[in-house]
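Those protein sequences? They're chains L and Y, same order as listed. Residue numbers for the first sequence follow the numbering used here, beginning at 588 and rising by one. Residue numbers for the second sequence follow the numbering used here, beginning at 588 and rising by one.
Accuracy of the hints is not assured; some may be wrong.
Copies of the same chain are indistinguishable here, so a pair counts whether it falls within one copy or spans any two.
With a straight-line Cα cutoff of 30 Å, these simulated DSBU-like cross-link-like pairs (lysine-lysine) come out [claimed, not checked]:
(1) K1008 / K800
(2) K1014 / K797
(3) K1014 / K819
(4) K603 / K648
(5) K969 / K898
(6) K603 / K896
(7) K595 / K648
(8) K848 / K797
(9) K898 / K968
(10) K896 / K595
Simulated from the structure, these hints should not be mistaken for lab results.
There are 2 protein chains.
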Amino acid sequence: MIDPVILKGFRDSLPKDEIPKKRIIRVLEDVFASYGFAAIDTPVLEYTEVLLGKGGGETDKQIFRFQDNGGRDVAMRFDLTVPFARFMAAHHEEVGVPFRRYHISKVWRGENPQKGRYREFTQCDFDIVGADNALSDAEILSLMHSSFAALGIENYTFHLSHRGLFTLFLSKLDAEKDTVEILRTVDKLRKIGEEEVRKLLAQITSSDDKADKIIAFITSGENSTFIETLEKLEALSGGKSEASERMREIYTILQSLGIEKSFTFDPSITRGLDYYTGIVYETFLSDLPSIGSVCSGGRYNDLASLYMKEKLPGVGASIGLDRLLAALDERKSPLLTDSSSADILLVPRSGEEARASLLAMDIRRKGLSVSVYLNPDAKPKKIYAFAEANSISYLLTFTDDSFTIKDLRTRETEDGEAALKRIAEEKRH
Amino acid sequence: MIDPVILKGFRDSLPKDEIPKKRIIRVLEDVFASYGFAAIDTPVLEYTEVLLGKGGGETDKQIFRFQDNGGRDVAMRFDLTVPFARFMAAHHEEVGVPFRRYHISKVWRGENPQKGRYREFTQCDFDIVGADNALSDAEILSLMHSSFAALGIENYTFHLSHRGLFTLFLSKLDAEKDTVEILRTVDKLRKIGEEEVRKLLAQITSSDDKADKIIAFITSGENSTFIETLEKLEALSGGKSEASERMREIYTILQSLGIEKSFTFDPSITRGLDYYTGIVYETFLSDLPSIGSVCSGGRYNDLASLYMKEKLPGVGASIGLDRLLAALDERKSPLLTDSSSADILLVPRSGEEARASLLAMDIRRKGLSVSVYLNPDAKPKKIYAFAEANSISYLLTFTDDSFTIKDLRTRETEDGEAALKRIAEEKRH
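Chain L with its partners taken away, still in its complex shape:
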């Protein structure tokens, strides 16, 4: 006998988790499609060189990498961005630009598993490549807003900033050479607090004054409107600039959509990575700050430089699906709590099998799902246990010439046809 164990950091997904997860993915896919974003997929396994590029980073150690039977050095994808860059280099002519894509799929990292962190997890990325203007920036933001609305998420704020403004400011401060280290330090603000960041910045820039000024810059969004913050940052970064004008244009579009209140200008958002060149954003849930950002991204000026000469500017975001599920779970979202595998449990007695199959088919045509109980001679206790394990609310049994339906929550029994009509009606709304 082999022990049916799975690997550390991996999980089975039971119906109680998989049904809600699929429901959420569908909601997101429908929103993406309504904006003209197209689905793509890429192989799980790729040449290691293609995935790691020059390599040398943290990722190298975490990757699932091996020699395949043909002696090729291969690896499982660790994100959806690198495969997308490779995809665009290979197919940009065929798909055409501007190109909008989404990709919801699993990725693998050999990180040390800890609470809420797994070695196999689902990412949800959406990007527009081949356009660099406020219209496309605002579209990604609007799509984020529509996604959160469709999922019924409340009490969240999109924190926006612009990398270019920060760069201008650092240049004015004569601290450009330390940009990467400063960005990484500022990115830790939420984790280690303002005082700790100030200390680190003073070390990096060898100047308490510079550290103070950087802190003043990144905290200038506090208790200010979007436009007030923008104006403060313009003053701190040497006046109006392409970056500040872009933020103004984006804000105008958000206003015209009436969704500007969901966005805050937060110059402490830097998104650590070199990669970003324009707007950057993270998303926090006001009652669940410990979960961290559930949707992040930004604008980059070159997606696929590793694989092609032509520049592909783009803007995109990634929803941390596992974090989002954790948040929805915490908030008891109706999207998660309903994991029933059927609307109705139809329980035939011995000899009623054909009649049961036929009635089940009729009910399905009314738009309801029916699970036929498959052991006609089971005891009631077993049947109720099955209904409970599958979160089924209604139990249907035959009478001599018709059938009745019992609501297992209220324990009330109704005439079958009337009940069906009502349940189908309820489901439609």
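Position chain Y against the provided structure of chain L, taking the given hints into account.
For chain Y alone, kept in the frame of chain L given last:
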């Protein structure tokens, strides 16, 4: 610069393929759910020992297997059946039986790639475990029928047989000891033809007479009704038996559902594997026999014997999604031909960005998908090329105080609001 190549036997899925594939998966998921089948998922990577069991078969050579960073012997799943067996051994108490599950996901095999065969492909499995009766057998068959109906597939036949009848017959023929080899040989009938099979059977059984009788048995479904064939097979296998009674009961349920005409009794179906013990089936498309079976499966009396003592009988089927897609493509199914990424392309000029974003949002609320063209100053040629690349039929442009919509197929232009209403109406039907 790194060459953006992918591994031999792997594919990128572009929107023209991925959009229809996702649509088909949704149709199947909805049908599965309407029968009370629940979604599950399992890790892509498992302990090699868990996946291969005793091993020693063809699979061993084809598996993607390696040592992970922790020195564990791991492998990528090569089917969805073995992980499901392991899953049931681990979770049967929590999920309860009878348990209905479906699983649509990728699997990996290092086979030599050839036309239509890939090293990464999608399987679609659905099973009922924990019940052994005609009701559950018939339910899987009915679900197959409903799936094909929902996909609008025509000209197919489900070929049914029963392993038990064949075993009884071989026992009566005194050829039981060669059962496995005989099953494998009969399974090749469609590939190598009747005469070749007769020769091989004569070699295996060392008897021309036995070979003739086996051929007579497996061809007894030709030009006969289901019940006629059943009666012939009863005669050949020593009279009424549990197996033949089961087939009769199943047929009664199929009749009561009015779907019996889609099923034929075909005793040449054996499904090579030892694994099956009851009904077995394959599905052929009459105009595309070369594609092979697009949906196959059967009843087994023990799913998880490798991992647990308790017996879990079950019945299930697997749809070869790639074969099915090839078939639908060949038949120009509307499910495949529509791969448009949006209903409407909204083209703003410079300065109309905010107005465009707002109108797009209004149109989305009407249930239509809108792609906003992101380069406001592009030339018409580029815009039309974009619409074509994304298979978008309608182009929306602003007038001073309103907008018009052009049907790119007929080149007719209509007043915007009226056109929107009509397009939304058309989409609903």
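Hint check:
Taking the shortest Cα distances, K1008 and K800 never come within 30 Å of each other, neither inside one copy (67 Å) nor across copies (56 Å). Taking the shortest alpha-carbon separations for K1014 and K797, neither the intra-copy value of 61 Å nor the inter-copy value of 59 Å comes in at or below 30 Å. In this assembly of identical chains, the alpha carbons of K1014 and K819 never lie at most 30 Å apart, being 52 Å within a copy and 49 Å across copies at closest. In this assembly of identical chains, K603 and K648 lie within 30 Å of each other by CA distance neither inside one copy nor across copies; the values are 34 Å within and 36 Å between.
When the C-alpha separation of K969 and K898 is checked against a cutoff of 30 Å, the pair qualifies only between copies, where the shortest distance is 18 Å, while the shortest distance within a copy is 63 Å. Only between protomers do K603 and K896 lie at most 30 Å apart by alpha-carbon distance; the minimum there is 26 Å, versus 47 Å within a single protomer. Taking identical chains as interchangeable, the C-alpha atoms of K595 and K648 lie at most 30 Å apart whether they share a chain (17 Å) or sit on different chains (25 Å). For the identical chains of this complex, K848 and K797 are neighbours neither inside a copy (32 Å) nor across copies (82 Å), given an alpha-carbon limit of 30 Å.
Within a single copy, K898 and K968 get their C-alpha atoms only as close as 66 Å, which misses the 30 Å cut-off; across copies the closest is 22 Å, which meets it. Taking the shortest alpha-carbon separations for K896 and K595, only the inter-copy value of 25 Å comes in at or below 30 Å, while the best intra-copy value is 41 Å.
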